[in-house]
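Residue numbers (the numbering used here), protein chains in the order written: chain A, 1 to 161; chain B, 1 to 390.
Hint data in this document are derived by calculation from the structure and do not stem from the laboratory. Keep in mind that this is a model prediction, so the values were computed, not measured. Ideal Cβ positions, reconstructed from N, Cα and C, are used throughout, including at glycine. Please note that the accuracy of each hint is not assured.
Stated by the list, open to error - Lysine to aspartate or glutamate pairs mimicking DMTMM-like chemistry, simulated, CA-CA at most 25 Å apart: (1) Lys38/A / Glu114/A; (2) Lys10/A / Asp286/B; (3) Lys142/A / Glu316/B.
To be verified - Here are some, though not all, of the chain B residues that point toward chain A, as calculated from beta-carbon distances under 8 Å: (4) Glu39; (5) His141; (6) Leu302.
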Amino acid sequence: METLLSLLEKNARLSTAELGAMLEKSPEEIEQMMELAKEKGYLRGYRALVDWARVNGGADHVQAMIELKVSPKKNRGFDEIASTIADFDEVQNLLLMSGGFDLMLIIAGKSFQEVAQFVAMRLAPLDDVLSTATHFVLRTYKKDGALYEDEEADERECTVQ
Amino acid sequence: MDYEKLLAPAAQSMRPSGIRKFFDLAADMPDCISLGVGEPDFKTPWAIRDAGIRSLERGHTRYTANAGLKELRVEISRYLQRRMNLEYDPQDQLLVTVGGSEAIDLCIRALVQPGDEVIIPEPCFVCYEPITALTGGVPVHLATRPEDGFRLTAESLKQAITPKTKLLILPFPNNPTGAVMRRQDLEEIAQVLRGTDVMVLSDEIYSELTYGTERHISIATLPGMYERTVVVNGFSKAYAMTGWRLGYAAGPAPVIRIMTKIHQSCIMSAPTTSQYAAIVAMRECDDQIEIMRREYDHRRKLLVNSFNEMGMSCFEPQGAFYVFPSIQCSGLSSQEFCQRLLQEKRVAIVPGDAFGACGEGHARVSYAYSVDHLTEALRRIRAFLAELKG
């Protein structure tokens, strides 16, 4: 199962026949394994890696990373505030962190103003939020294991060696 | 100047590589997908690169001992013991060379006299024949067959041996077929060779890249074979270090001594930076080999399965990173098939006859490429076949 998951993680568009060939299983078996992985919550979905910076020259797409300090609740720790924040559509990633702050968010908006607006009007005023620090993303070099730079040309020579 | 008169006839008659022209053509096609290379797509593991950088920073920029750094030879000896069950004394049984290729050259030159016969099982890597010819030796081509899994059989070997036979080249795991020799196969070969004066050059450059449960076995581990075998290996394929140009030979002390003398005259010593990097490869990178091997294995299965599905019957290779499917279903010759595939679908693979006449009817497909790259190439090959049949 782990091998199937790591193959899918690299390329979710491989067909069940191709995956089956690589893992010596029938396409039906692969189908079943993927169903099981979904049931167990191992597989959370299939998404494309889009480099928005290249679409229309990156217009209408701004990302920011926000560090949040929050006050945890008795008995529920960080879960309550985390689930409140996770409900915002603008929030793409939400992680509980060790170290100098508590929650890390990655949010997307159409413009700097929109992101700033979100932080100032919706995030910062939440009762449990103690402080925010917003870092705008200037450029993405690598995301989820994929390089966002132009790929290096394959300089290998064709040989019979 | 009449250079044709000046140049040595033996050198001039070396088989020109028709492949070169073919791939130069491919290189000029911007949307061409190549499955032609014979080297890993992985980068050299970082720890190894770092060791090379550190050796430069420390100013290790001089020649090393002719046979290679003592420390590296000790590590190679430990490695061969640990992974191949072979024991060699780093003092006088190991020689560090410029790639496996130099070790092959030295071994042939150290052993072969004019008129000596060298048995070369084909299809195979293309350097054995020209080097043999340049030393005045006589290449004896021995075809392996798909129905034998492209293995060398004792029967065919027996028939090829004459009183003039000096050396048997044993190129397994094999480029281009991916064939491997199992213990039983090697035992049968050993049976033929024991009691003769035939030496073996066992080219084990792909020894770390075998698939399935059985690991590579060196013929030198069999009784009576150690003393008649020179093992050639290197760092290029196992550690993705092709550009570092580093290999080695291990064998009986008297043979290694002569090989070292030739090496001393024509090379002096293998690249120093590469030798320092290789020490770390041997010490720390067994797990890196495994990561790469697993990745190759997935690709191998994908290709074998896809080619068989397309009707290009493909024997399942157990080693190296090539598959060698039959192209006979197309009704074309290997050359025609590859040229048309390149022109019509922009996919470059190597015609089988480049590896010896008996490779005709096949093509070599390298899987030293990402799965994405392979699936796109397979899609094009499938379309090519469909149009041919259509």
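How the hints compare with the structure:
1. Between lysine 38/A and glutamate 114/A the alpha-carbon distance is near 35 Å, which puts this suggested pair outside the 25 Å criterion.
2. At roughly 24 Å between alpha-carbon atoms, lysine 10/A and aspartate 286/B fall within 25 Å of each other, so this suggested pair holds.
3. The hinted pair formed by lysine 142/A and glutamate 316/B fails the criterion: a straight-line CA distance of about 37 Å is larger than 25 Å.
4. The closest approach between the C-beta of glutamate 39/B and any C-beta of chain A is roughly 6 Å, which is under the 8 Å cut-off, so the hint is satisfied.
5. For histidine 141/B, the shortest C-beta to C-beta distance to chain A is roughly 16 Å, which exceeds 8 Å, and the interface hint is violated.
6. The interface hint given for leucine 302/B holds, since its Cβ lies 5 Å from the closest Cβ of chain A, which is under the 8 Å cut-off.
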